Amino acid sequence: MALTEKMASPQLYLRAQTRWRPSEIVFWLATLLPYVLFPNYLSLASQIAISALFALSLDLILGYAGIVSLGHAAFFGVGAYTAGLASKYGWGEPLTGLAMAALAAGIVGYATSFVICRFRHLALIMLTTGFGLLLAELANSLGWLTGGMDGLQGIHTWKLLGYFPFDLYGRTAYGYALAVLFVLFLFARRLIHSPFGLSLRGIRENFVRMPAIGAPSQSHMRTIYTIAAAIAGIAGALLAQTTETVSLDSLGFERSAEVVVMLVLGGAGRLYGGLVGAAVFMIARDQFSGIQPQYWYFWIGILLVAVVMFLPNGILGGLAKLTSRWSKS
Amino acid sequence: MNQPALATRGLAKSFGSLVVASDIEIELPRGVRYALIGPNGAGKTTLINLITGMLRPDAGSIVLDDADITALPPEQRVRRGLVRTYQINSLFPHLTALESVTLAVCERTRAASIWWRQLPAYGQEIDEAFGILSALNLAAVCQRPTRELAYGQQRLLEIALALATRPKVLLLDEPAAGVPREESKELFAAIAGLSRDITVLFIEHDMELVFRFATRVIVMVGGRVLVEGTPQEIASDPRVRAVYLGKALDKASAKGLEKLRYD
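Taken in order, these protein sequences are the chains called A and B.
Mapped onto the numbering used here, the consecutive letters of the first sequence carry residue numbers 1 to 329.
Mapped onto the numbering used here, the consecutive letters of the second sequence carry residue numbers 1 to 263.
These are calculated hints, taken from the structure and not from any lab test.
Computed from a predicted model, the values in this text were never measured in an experiment.
Take these hints with a grain of salt, some might be off.
Here are some chain B residues pointing at chain A (derived, C-beta under 10 Å) [claimed, not checked]:
hint, residue
1, S90
2, L95
3, L98
4, A121
5, D127
6, Q143
7, T146
8, A150
9, I159
10, A164
Where is the CB? At the ideal position from N, CA and C, for every residue including glycine.
Sequences are here, hints too, so could you generate the full structure?
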């Protein structure tokens with residue numbers, strides 16, 4: 001009986017899981033450091049925040065619901081072109097641009113989700129890759145609209161909130177991207193701690209069992225796929241607005257693959273994995289390409305192999321193991 | 001209220017030339033404890049798969065509470081109270097027992113579609129899940145990940161998940177498979193203690209358990225229902241004895257029948 005006495009009541013136990021940990025607060029405070037420590041790297045920092053948001057959206061489907069995707073950049077690209085086109089044709093207001101991008105990417109996500117929710121594993125990889133390639137070629141062939149290989153030119157983003165102009169140093173860009181990342185992170189965090197979030201983990205853990213407890217898994221998968229697509233679209237819009245250009249590689253296969261790498265690097269299914277992975281990946285790329293502009297993928301390759309071999313659950317998975325060992329000894 | 005809780009009419013299924021179910025007609029009255037027995041390969045699990053919609057029948061129909069459910073997908077059958085467990089544990093390894101059962105409760109109350117409120121707001125669901133776990137003696141381990149639970153506890157969690165859906169008809173596929181004899185008696189005591197509103201059909205090889213806990217028995221052989229009756233009728237049925245005695249594989253079952261006959 002001593003065992004039961006020591007335990008928290010079931011409600012308190014589940015409540016404790018949703019509570020903010022000190023390490024989380026430290027993490028978010030640390031995201032402000034670039035302003036103080038690396039004022040010359042704010043453009044890079046804003047790119048990291050955008051990639052982090054993109055990786056977070058992938059984590060919702062891959063890390064939580066077990067939906068493997070190699071075509072997630074499709075939604076990033078739809079968002080980027082939506083915000084870019086809106087700006088090019090006269091509406092450069094950033095926040096409504098994000099909303100339009102979320103809507104457009106969400107619609108594409110919802111439409112494809114009806115096919116996605118019927119498959120698992122390898123079939124999903126093929127399907128998402130297929131959708132991604134399809135969309136990339138579509139953007140390429142619609143040169144009159146997207147600018148094709150030359151990219152979308154003539155984007156001008158208005159002042160943020162009518163007050164902060166987007167400067168060359170990325171001061172506004174980083175603050176903007178970081179704020180959007182933080183707000184959507186709060187949203188995602190709430191979502192994964194909801195009953196729906198629990199259901200997503202159920203789908204990841206045992207897809208076959210879900211119907212036997214009366215769960216409409218396909219409808220759950222459609223919901224999360226649409227939400228993840230909308231968030232990816234917002235990430236794409238952020239890139240379009242802060243760099244004032246959109247190129248075909250915003251929805252290319254390489255971007256889809258990179259975001260998977262970032263997430264696996266950081267640790268999937270941990271919410272912060274995509275954020276940490278994006279930072280490590282982008283900083284590593286920045287440094288390596290400084291040393292050897294032509295061969296930087298070589299070093300990224302080594303980094304990936306090392307992480308997968310020594311930290312199978314990503315950087316955060318490794319950290320979690322360390323801290324649990326610490327607290328035991 | 002003599003209308004059966006569950007009935008099948010002319011249920012048939014074959015894989016190519018292999019007939020796994022043929023003209024199966026069963027009727028389960030409300031609240032009865034049924035055992036489904038038969039030699040390996042008789043089609044017992046197949047029958048459960050057909051009834052619960054995991055397999056599509058080639059012919060025939062399934063009626064639950066007077067409604068034809070033959071065309072419904074599995075999750076909607078569960079929603080109507082037709083629930084199963086698995087012979088081989090099919091659980092959520094990284095979720096705790098409490099999370100798993102809370103999930104099943106939330107799916108029933110439809111809270112599981114809600115993504116804008118956090119789980120602690122669903123105190124009723126959590127308490128209900130904890131109540132189910134307590135009733136099955138799992139309260140002490142409910143905050144541990146499922147994969148860390150002892151095998152017998154995992155078998156109980158299988159049943160807890162099924163109960164969380166509030167079944168009217170519960171199909172248990174070898175609930176005690178792989179559990180030591182002593183523990184399997186406890187497990188069956190828990191099943192016997194289930195509400196009398198629930199109709200239970202269980203597959204079991206241990207004849208002693210069958211005859212102790214079942215009020216009626218269905219015997220299947222080669223994809224067909226051989227005979228249905230009370231345990232006593234089954235024990236003395238020459239056809240059943242022929243099936244079991246003729247199969248060296250099922251020595252244990254045969255011994256069980258033998259024992260009962262002379263008890």
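Here is how each hint holds up against the structure:
no.	hint	in the structure
1	S90	holds, 5 Å
2	L95	holds, 6 Å
3	L98	holds, 6 Å
4	A121	holds, 9 Å
5	D127	holds, 7 Å
6	Q143	holds, 6 Å
7	T146	holds, 9 Å
8	A150	violated, 14 Å
9	I159	violated, 12 Å
10	A164	holds, 7 Å
Going down the numbered hints, you'll see the structure goes against 8, 9, while the others check out.
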